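**Student:** Now for the letters of each chain:
4 protein chains.
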Amino acid sequence: MTDTIIKIDLSKSAYDNDQVHNRWHPDIPMVATVKPGDDFIVECYDWTGGQIENNDDASDVRDVDLSQVHFLSGPIKVEGAEPGDLLEVDILDIGAFPDNQWGFNGFFSKKNGGGFLTDRFPEAQKSIWDFNGMMTSSRHVPGVEFAGILHPGLIGCLPDKKMLDMWNTREKALVDTDPERVPELATLPYAETAHMGRLTGDEKDKAAAEGARTVPPREHGGNCDIKDLTRGSKVYFPVYVDGAGLSVGDLHFSQGDGEITFCGAIEMAGWIHMRVNIIKDGMAKYQVKNPIFKPSKMVPKYDDYLIFEGISVDEDGKQHYLDTSIAYRQACHNAINYLTQFGYSEAQGYAIIGCAPVQGHISGVVDIPNSCATLWLPTDIFEFDVQPNSEGPKKHLDGSIDIPKAPDL
Amino acid sequence: MTDTIIKIDLSKSAYDNDQVHNRWHPDIPMVATVKPGDDFIVECYDWTGGQIENNDDASDVRDVDLSQVHFLSGPIKVEGAEPGDLLEVDILDIGAFPDNQWGFNGFFSKKNGGGFLTDRFPEAQKSIWDFNGMMTSSRHVPGVEFAGILHPGLIGCLPDKKMLDMWNTREKALVDTDPERVPELATLPYAETAHMGRLTGDEKDKAAAEGARTVPPREHGGNCDIKDLTRGSKVYFPVYVDGAGLSVGDLHFSQGDGEITFCGAIEMAGWIHMRVNIIKDGMAKYQVKNPIFKPSKMVPKYDDYLIFEGISVDEDGKQHYLDTSIAYRQACHNAINYLTQFGYSEAQGYAIIGCAPVQGHISGVVDIPNSCATLWLPTDIFEFDVQPNSEGPKKHLDGSIDIPKAPDL
Amino acid sequence: MTDTIIKIDLSKSAYDNDQVHNRWHPDIPMVATVKPGDDFIVECYDWTGGQIENNDDASDVRDVDLSQVHFLSGPIKVEGAEPGDLLEVDILDIGAFPDNQWGFNGFFSKKNGGGFLTDRFPEAQKSIWDFNGMMTSSRHVPGVEFAGILHPGLIGCLPDKKMLDMWNTREKALVDTDPERVPELATLPYAETAHMGRLTGDEKDKAAAEGARTVPPREHGGNCDIKDLTRGSKVYFPVYVDGAGLSVGDLHFSQGDGEITFCGAIEMAGWIHMRVNIIKDGMAKYQVKNPIFKPSKMVPKYDDYLIFEGISVDEDGKQHYLDTSIAYRQACHNAINYLTQFGYSEAQGYAIIGCAPVQGHISGVVDIPNSCATLWLPTDIFEFDVQPNSEGPKKHLDGSIDIPKAPDL
Amino acid sequence: MTDTIIKIDLSKSAYDNDQVHNRWHPDIPMVATVKPGDDFIVECYDWTGGQIENNDDASDVRDVDLSQVHFLSGPIKVEGAEPGDLLEVDILDIGAFPDNQWGFNGFFSKKNGGGFLTDRFPEAQKSIWDFNGMMTSSRHVPGVEFAGILHPGLIGCLPDKKMLDMWNTREKALVDTDPERVPELATLPYAETAHMGRLTGDEKDKAAAEGARTVPPREHGGNCDIKDLTRGSKVYFPVYVDGAGLSVGDLHFSQGDGEITFCGAIEMAGWIHMRVNIIKDGMAKYQVKNPIFKPSKMVPKYDDYLIFEGISVDEDGKQHYLDTSIAYRQACHNAINYLTQFGYSEAQGYAIIGCAPVQGHISGVVDIPNSCATLWLPTDIFEFDVQPNSEGPKKHLDGSIDIPKAPDL
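Chains as they are written, first to last, in the numbering used here: chain A, 17 to 425; chain B, 17 to 425; chain C, 17 to 425; chain D, 17 to 425.
Same shape as in the complex, but just chain A (with noise of 0.2 Å):
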């Protein structure tokens, strides 16, 4: 039997549970132990530790506090670690509970977190996701279920002192050139949400007012929302601190490439099971910066796709120089105004190719003045058929169905 080390109570706060912890300090003391090689079972909140619930209204997404997310387990001492390791991680498995098989996604408010595409979804609405097996479907989209691939959205090892100053010198200064730009162009430390485990007293303030945010990835990994460290794959991540300090959360069921909604996977409560090992001095042996992995053997196999094209020119026929989010924003809307024709609304195309596995490619970086992204959407996750053919699109979809919005109040 594989021991859980970290056990949460979704009827509970996050902040009652001090294996839990929502920003990143290298004070945060360790909540386990492991040995490498031990493999063992590491249970979280959902990012935003409970704020959304299973319904039809989308008042909660609107009304979130992001200053609160993300709700992290860990840290976890890998015994032996030391800084200039790399840590290996076997993600084995990750799983819903048995009583929580679902899952949501959103849009924030453009004045509360916004998204990828916020100017053209500037209101909070929501979509329930429900598990079937490995399959997922929602009640608020009709007419696609897909397969999961399920990772965390967030994983890493504490940063040291260095790297955290580095952290918030580097998003402050950035934060300086329009301190007053809605949404904010980074998130500051800000004591008064934060979790800091089981740091109590003078310290615990002092680290909270610290303490990085947990939002950005960084060089540690991170909030990286890459859909493809879905179990199965295999991770190794620079090592800063004595016992590499692992931190796990923000478990997805799925994810299109961007996580572009923000709120922005299917984003669920669960468990990860992981097995963990050190390759020593390996960041200077690999030249390791950031982390590096190996996909999974076991991904779904949408191999059929209807890729969509979008280049640096913006939304108002303004040209950019190589900017590839813009290139890519195109690509969404362009998916967007494809799957309308199908009877979609437009939030529900958002939503899929938030949701579903799209890919998002890099595809021409250097042909000045205009980045090429495209956007691969897997055409078998459709119970129709979804082809461009010379009949022209069919509306499967009467529209009576669509996503709840909370709009602002």
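Worth flagging that the hints you see were computed from the coordinates, not collected in a lab.
For clarity, every value in this text was computed on a predicted model and none was experimentally measured.
There could be a bad hint or two in this list.
Identical copies go unnamed one by one, so any copy, or any two together, can satisfy a pair.
[What the hints assert, rightly or not] Heads up, simulated DSSO-like pairs for lysine-lysine below, C-alpha to C-alpha not over 30 Å straight-line:
1. Lys305 <-> Lys410
2. Lys301 <-> Lys178
3. Lys51 <-> Lys177
4. Lys334 <-> Lys28
5. Lys410 <-> Lys310
6. Lys177 <-> Lys296
7. Lys411 <-> Lys296
8. Lys177 <-> Lys301
9. Lys421 <-> Lys305
10. Lys317 <-> Lys410
11. Lys220 <-> Lys51
12. Lys410 <-> Lys250
13. Lys411 <-> Lys310
14. Lys317 <-> Lys177
15. Lys222 <-> Lys177
16. Lys127 <-> Lys28
17. Lys310 <-> Lys250
Mind docking chains B, C and D on chain A? Use the hints.
**Tutor:** Frame of chain A; chains B, C and D shown alone:
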């Protein structure tokens, strides 16, 4: 027998072939006519029109005249195609000429075009790749051989005048923001080296002065440099002029996502076998703005990858806001650094990720302020083991072979 | 929450569970009812009903009572299903019980069932496989770990009386050609160990005397042992009786094509999550005699293989006429011989090709007199390199570990 | 430029080309020499040596002289190869000649060779397949187009005398069990139509009388008809004579597993590009008896299949004991019956599963008395939907086109 409707003679200048052009303009006369359902073969110069030779001297890459590129074969009239239609193109096959079973990859000088990593590789270099049947290897990059994923870097239909004007206007506006920049922000019309196909006299001069350069991908497709547009794929191109006016060129034997070295694929002369059909009024029916396509059933199954992450913090540690190009650039650096540990020079590493069937994925684009991009390096292209392990990397190459360099004069 | 409509208790005899049966007969009463569109969970004993234990002693394999197998959960009534329909079954997920994360593979004694290579492996042996999340490895077979391809070895609908009679008649005719053979040519009805579910009294006795044994696959599917019927697949079963009467069991964590060791997969107890629908009159509409199915989108991508050929010349050099079973047997021998060069015992080689996701292809069946069959051994399941090269194989194992054997008494 | 070391002239008889032979014998003189590491091109007649023409008349298939087959190009001497070595062959590419972009598939008359389903299709039929770049389609089989998986049906090294004698002895023993059977049980040496390459005079006569026919696959490989030996694959052949003596022929554009129609692939003339290397003493080092090989990285990804099962109960309802050939034959019948529901004739169904990249899997070989075999039919090769659904199949073809038949005279 399938007809070869456009032939070329590699021993003669591309300027002497009136079935070739190197600018986009609606007035360029059609040079061949096909019917829906026809399949046909088109021969193509390499994108530089033969400026680069199969030798060990990179001075031709250094001295390349980029104002001449890309030499395209066409335009081809498709009977019945009208503005608003979609032109369905089956890419049935692509090959090099029997006597020219080789291609080249180059890094341009930063002073003359540059590339994605031009600050790291500011001087011209060139590697020659031999085609061994479906496979390719290079005398300048030992220890690597891989299957080709042949594709046209550049393909699309003629723009109409309105679209041409829009392109020129928006690109000029971008250049005007920093007109002295080296490399330039965009390539504007340049009559001197324009090859306008069968246009002559004043008509030619007028069109040459307006003709859009072929470097960037645009709404019609064009220089998308999408490696997945390989033989076996099916593409749906927007049609803007009567007869469509399909042109094609810039054939690649292989390329990594991003075409990062700019001269960036394994560039070759050769032929392409296509079949065309028309979807009447397809642009409106399917809401198509940029081309859409379906991938080939026939692509190399390199399914074991080492995946490198990058985030939008640049080489100097500066934080950028969701800049996916910078994130991918960091992933490229990380991959090159990794490969050097096995004995490759940095330039060889750069060439490998530019030429091999490397994937570039957009992994996270909403986790402010860091985009996360991933570079997928297939491990089975190497003759030796490049997996990380506890013993550390083994140098398989002694450094005696490198990629020829031609320093700036 | 999905309902678990059949539950089992591993601490109790399968004979005590009246939702279980081990013979095929139309009179076995339905034990649960579902509607088209429903999804539900069914728990299953391992195929032997718990005769094999997680230890290092193969005597339980030697002494197994094969007249008891297979213990199936069901039959399940599907409302509205009628003879001639097709029952569409989505296999949504399969798992072992949390407290029983292990399975077994056995070679039966030639005197008690035997196996595909029983002349080479005439005595009972047993290996235990631990489930590490999605992966499995064995303390008896070092150096190998692979992703599970979980599937029911046995699934199908109840036969009607006419079909049952046909089965019994044709199998008896075969046995009658050599009634004393060991192992027997077929397993005929045997009342003594029959478990007829909720049948009692005379009805039970009558049915037990007629009930078809569960060993062979037949027109209804049954014990097909097709590894590709894995979670994510969709199967269309012929329906012969009102309500269909779907039964399932013999869950496998993994298996190579052929299930060559007979106890031949990694056998386990566990649960299966299914969804059912009906295609009315589907047997005639689609001319279906045996089940048809669609593979899962979610299977391990072991795409690098070593492929071994075999032809229909037997171990003694005797030429047979287009005998594909003999050809595949030779391919199995060749694969085992190859593996011994890396340090595996012959028994370990046999277990590996029996348990791992090995493919068995029918390659040529018309080139008289030799059939050609191929065995595809995935190379990425090994922790070391098993590719051929000019230096010859390296012994990675010292032979200190082998598979427990229980000699015949 | 790669050398073409064996050339053919399709306008001349294969008997006039002394670099060709149609029997296996150690005395056949080498006709070309290569060194380890060399790559080279070999041209090949189609297996019949041009007996079949591109027309709509199947009489050439009916009247074919099978004693002439297969015309092989070689033997090629590999310097340094000795008995006991393994000859590593990279199959780098394969193609049809530019002026001969077509192939044929035939059903032989039951009186002259027959095929796997000869009782259902007792008379000669022929379909012609046009090559559209990488794709193929047939004017005799509408609605289907698929990517080629080009491979040599027949390839291997010369036997030594001892092996030749063993072949002849065991095959004669088989024939002697039923010498009058039609079709015959095996094809024995037959001097009259033997083409012994450069052998002349008495030496030729002697060898012709002993030379093994090329029909069956044997220990050296030979006529394996393994579709997966496609371009991009790597094969390790046993070497029996000094210089190896590699011969090759019987090129196929595509084939389903089993090559069930006997003339059974899409047969073509063309060229093959190979590279050779030697593993000294490889047969003993790796315990190699039959060839082993690694599949190509480049094969069509037809990943959506309809899978048909068959068991070893024959067409008359008779129970056979673990006969995998019979099981596969039933799966073939089931697939053909299914396809007729969409409008195909039975013969077209037979041709499709013979020509398309159909997989044949050995699924269960121990569940006495029934073997279970599966036939995997790729669904994406059809221009219309062939999936089962609740509405039943739709006839897409009106039956106006069928495969030419030539009744027995």
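**Student:** Taking the hints in turn, state whether each one holds.
**Tutor:** These are the hints, each one checked on the structure:
1. Lys305 <-> Lys410: Close across copies (19 Å), not inside one copy (49 Å); limit 30 Å.
2. Lys301 <-> Lys178: Within one copy only: 21 Å inside, 55 Å across.
3. Lys51 <-> Lys177: Intra 24 Å, inter 60 Å, cutoff 30 Å: intra-copy only.
4. Lys334 <-> Lys28: For Lys334 and Lys28, the Cα distance exceeds 30 Å both inside one copy (49 Å) and across copies (40 Å).
5. Lys410 <-> Lys310: between (40 Å within a copy, 19 Å between copies)
6. Lys177 <-> Lys296: within (21 Å within a copy, 58 Å between copies)
7. Lys411 <-> Lys296: between (58 Å within a copy, 18 Å between copies)
8. Lys177 <-> Lys301: So Lys177 and Lys301 pass the 30 Å test inside one copy only (23 Å; across, 55 Å).
9. Lys421 <-> Lys305: Close across copies (28 Å), not inside one copy (41 Å); limit 30 Å.
10. Lys317 <-> Lys410: For Lys317 and Lys410, both the intra-copy (26 Å) and inter-copy (28 Å) Cα distances are at most 30 Å.
11. Lys220 <-> Lys51: within (28 Å within a copy, 56 Å between copies)
12. Lys410 <-> Lys250: For Lys410 and Lys250, only the inter-copy Cα distance (21 Å) is at most 30 Å; the intra-copy one is 43 Å.
13. Lys411 <-> Lys310: Intra 40 Å, inter 21 Å, cutoff 30 Å: inter-copy only.
14. Lys317 <-> Lys177: Answer is neither: 42 Å inside a copy and 41 Å across each miss the 30 Å cutoff.
15. Lys222 <-> Lys177: within (13 Å within a copy, 64 Å between copies)
16. Lys127 <-> Lys28: within (29 Å within a copy, 59 Å between copies)
17. Lys310 <-> Lys250: Both: 5 Å inside a chain and 25 Å across chains, each within 30 Å.
Of the numbered hints given earlier, the model fails hints 4, 14; all others are met.
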